[in-house]
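**Q** From first to last, the protein sequence lines stand for chains W and S. Numbered by numbering that gives the first Met the number 0, the letters in the first sequence go through residues 0 to 262 in order. Numbered by numbering that gives the first Met the number 0, the letters in the second sequence go through residues 0 to 322 in order.
Mixed in with the good hints there might be a few duds.
Stated by the list, open to error - Chain S regions said to be covered by chain W (calculated; three or more residues, Cβ under 8 Å):
{"no.": "1", "region": "35–48"}
{"no.": "2", "region": "139–145"}
{"no.": "3", "region": "232–246"}
{"no.": "4", "region": "306–318"}
To be clear, the hints were calculated from the coordinates, so they are not data collected in a lab. All figures in this text were calculated on a predicted structure; none of them were measured in a lab. Don't be surprised by glycine CBs; every beta carbon is placed ideally from N, CA and C.
For reference, the chains in residue letters:
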Amino acid sequence: MEILVCVKRVPDNEENEIEVSADGSDIDRSDIVYSVNEWDNYAVEEAIQLVDEHGGSVTVVTVGDDESDEILRREMAMGANNGLLLKDDAFNGSDGKGISTILKSAAEKGNYDLIMTGAQADDGAGQVGGMLAALLDYPYASLVNKVEVMDDKKLKVGREIEGGNQELNEIDLPCVLSIQTGINEPRYVGIRGIRKVASVDIPSMGASDLGLAGDAVGDGAAKVKKVDYFVPELGEGAEMLEGDTDEIIDKLIELLKAKGGLK
Amino acid sequence: MAQLFAYITYKDGVADDSALELIEAAKKIDAGADVTAVVTGSGGDLDTVCNEMAASYKEVIKIDNEALAYPNAEVVRKALLNVLPADGIILITHDTFGMDLSPGLSIKMGSTFVADVVDFEGVDGSTLKIIRQEYGGQVTTHVNCDISAGAVINVRPGVFQPDESKGAAGGSVTDKSGDAGDLTTGRRFLEIVEAEVGDVDITKSEVLVSVGRGIEDEDNIEVAEELAEAMGADVSCSRPIVDQKWLEKSRQVGTSGQTVKPKVYMAMGISGSFQHMGGIKGAPFIVAVNKNPKAPIFQLADVGIVEDILDFMPELTEKIKGM
Ligand SMILES: Cc1cc2nc3c(=O)[nH]c(=O)nc-3n(C[C@H](O)[C@H](O)[C@H](O)COP(=O)(O)OP(=O)(O)OC[C@H]3O[C@@H](n4cnc5c(N)ncnc54)[C@H](O)[C@@H]3O)c2cc1C
Ligand SMILES: Nc1ncnc2c1ncn2[C@@H]1O[C@H](COP(=O)(O)O)[C@@H](O)[C@H]1O
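Could you put together the complete structure from these sequences and hints?
**A** Take a look at the structure:
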């Protein structure tokens, strides 16, 4: 099975406290640690396991810049066979549809049976997988938490739905799946693994390599545009308990007693 | 202004709470607009929901087809594509069904998609002004969306409060089943596998000590268990804790986990994403302990404490034990 997994380089939610930049045009990117979008590691792990069992290869692809090279290498250190960087100034300012259009062109250059994305990335849109499927005219399933190969024409997939219930579907290949966290346990990547792939050549493709007209993607084509970042005026928020830890704990215990939180 | 539609989800003949929230969302787009409800399905449940919706929506479109008996997003997408005008503005709830349906629907409609909208600031020409959050609610953005060729807008559940004085719309139901067209798709629904029941039923707990990614390591779960024991509480958690298999899925609070209704909820190292908070009902007293003073949970909690939970929890446990 030939599998393409879409991955994105994002500010690491665990390592950073994300704040609005001084002028509100972006988040504050000084001292930001980047990593692979959490969901994408689960997608790559699932792809590697499927190939281990059924043969084939895993290609990881990203629409990014020179910095994105490092996340492709990380996923290759996990066990992905190939990397592909899609990079062009013409891609800047793309909205979700633009990113999906770029990925579609790349997908059509290969011969993939299965394409995977993460369920969502840093801005919580969860859109690229579904858009890519529709552009390719492939069937789609989102929030997938189980993949089982039935035969070379179809998969059985589980979707995680409300309440932790699972919706089982049969889906024809080729298809696009967006992967939910928890489907597997992504393997650990050590320094040695990264070193092994440090000098592997990762091809890069731009708009003309992909046969994309300049006005089909990028800022000019984008119909969804971020204006600014801001801190909303919300309600009162929590009453903050202050003082030294001892005082805080005493206050908290009083409150808990009053609210029935201590038995 | 283009026509506004609201896609209604329901279960066992009862519309989801979000069915009326979408009316309020539509009013924020265009105060004077009449929103048309769109209900798909098959048989008696569908009719029940259409009639229920006619009390709140002036117009209801019904699409009845056996292929729609289970809401498989791939099938629903085809039906909507054949029934609704491409330049309409279609509001859909941002839940696991809306996430499945909407991005692809917008592509097929040739319209614009925006996910997980928390507020609208009206329309300016062909620009719809939208408010969204990013990074799990840590920052908020203004987004401009070109709706000249229609739009599919996913609305966050629970943010638009429905009008209590509902029920007087006197709407009519139009049957568009004949327009649904060919509904065969490459994805076929098989069955629902119900979530497993765990050792403790946190939906019945009165006090919960809930741990999030701030617990940092599997070995630290014990620290929360000790606090819970001292308080007479149960331990619950956020999703990443279950993903790492540190606690059972039955302990997960949130939209894709359990819905809990405790008296007191202690959120320890939890950031406060809407999927987590969506699992907390009944307005409990929420205490949040987080080392980041800007964590979104502090907007949602009753009491906030900026501390490292790994230091704070053991100290709290000791004090409670000594009482
Ligand atoms: C379709 C879908 C369904 C989902 N369903 C659910 C669900 O049911 N339940 C759920 O919980 N999530 C769910 N999620 C995931 C959700 O979006 C968030 O990713 C998740 O809730 C984050 O969990 P968290 O708050 O523990 O982690 P984070 O967002 O990483 O927050 C950790 C917090 O801990 C703080 N912290 C770190 N270390 C310490 C320390 N030592 N002391 C004190 N504070 C510390 C940090 O400042 C941060 O605020 C779902 C996502 C999707 C896409
Ligand atoms: N720039 C990108 N390059 C490659 N894949 C992406 C990119 N942006 C998003 N994706 C994929 O789409 C998924 C969902 O992202 P989003 O739709 O942005 O929330 C991610 O988990 C990735 O798999």
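**Q** Take the hints in turn and mark each one as holding or not.
**A** Hint check results:
1. Given as covered by chain W, the region 35–48 of chain S fails the check, having 0 residues with a CB less than 8 Å from a CB of that chain where 3 are the minimum.
2. With 7 residues having a Cβ less than 8 Å from any Cβ of chain W, the region 139–145 of chain S passes the three-residue criterion, so the hint holds.
3. Coverage of a stretch by a chain is defined here by at least three residues with a beta carbon nearer than 8 Å to that chain's beta carbons; for the region 232–246 of chain S and chain W the count is 7, and the condition holds.
4. For the region 306–318 of chain S, the stated coverage by chain W is satisfied: 6 residues place a CB nearer than 8 Å to a CB of that chain, which reaches the threshold of 3.
When held up to the earlier numbered hints, the structure conflicts with hint 1 and nothing else.
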